[in-house]
Amino acid sequence: MLVPFEALTVLRPHPGPTEAQITADALRLPPAAAVKLASKLLARVEQEGDRDAKAAFRATLLRRRQEMRSGKVKGMTVEQCRRALERQAAKRR
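In our numbering, the protein residues as written are 6 to 98.
Treat the hints loosely; a few may be bogus.
To be verified - Restraint ranges, calculated between C-beta atoms of paired labels, are given here:
no.: 1; residue 1: Ala94; residue 2: Thr23; range: 17 to 23 angstroms
no.: 2; residue 1: Lys77; residue 2: Ser44; range: 40 to 46 angstroms
no.: 3; residue 1: Cys86; residue 2: Ala25; range: 52 to 58 angstroms
no.: 4; residue 1: Met81; residue 2: Pro20; range: 58 to 64 angstroms
no.: 5; residue 1: Lys41; residue 2: Thr65; range: 31 to 37 angstroms
no.: 6; residue 1: Ile27; residue 2: Gln52; range: 18 to 24 angstroms
no.: 7; residue 1: Gln71; residue 2: Leu46; range: 26 to 32 angstroms
no.: 8; residue 1: Arg92; residue 2: Thr23; range: 58 to 64 angstroms
no.: 9; residue 1: Arg88; residue 2: Ala64; range: 28 to 34 angstroms
no.: 10; residue 1: Ser44; residue 2: Arg88; range: 19 to 25 angstroms
Said to hold, decoys possible - Result set (DSBU-like, lysine-lysine): computed pairs, CA atoms no more than 35 angstroms apart in a straight line:
no.: 11; residue 1: Lys77; residue 2: Lys59
no.: 12; residue 1: Lys79; residue 2: Lys96
no.: 13; residue 1: Lys59; residue 2: Lys79
no.: 14; residue 1: Lys59; residue 2: Lys45
no.: 15; residue 1: Lys96; residue 2: Lys77
no.: 16; residue 1: Lys96; residue 2: Lys59
no.: 17; residue 1: Lys59; residue 2: Lys41
Think of the hints as simulated: they come from the structure by calculation, not from any bench. Treat the numbers as computed from the prediction; the structure is a model and nothing was measured. Glycine included, each C-beta is placed from N, C-alpha and C at the ideal position.
Construct the complete structure from the given sequences, taking the supplied hints into account.
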């Protein structure tokens, strides 16, 4: 007996739940479980953000190094920086 290909569900991957189904399930969780899930989701998002922040910080460092090397900006000593900050703070008082 021949079986139509469409009937072979074993060969087709299950599409999985939709975002709406996952959201509906999450909203039915007891409060403690919802907090635990939210914490896990936030941790994942924060990790992504950390990678983005690290990449942005690295790009800024590379740009600033190039600006220093090219002479576009001039560096200052720690003492010069401290005095400049003190002057700015005094203006705000």
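Inset, instruction - Find the hints from earlier in the document that the structure breaks and name them by number, from lowest to highest. - result: 1, 7 and 10
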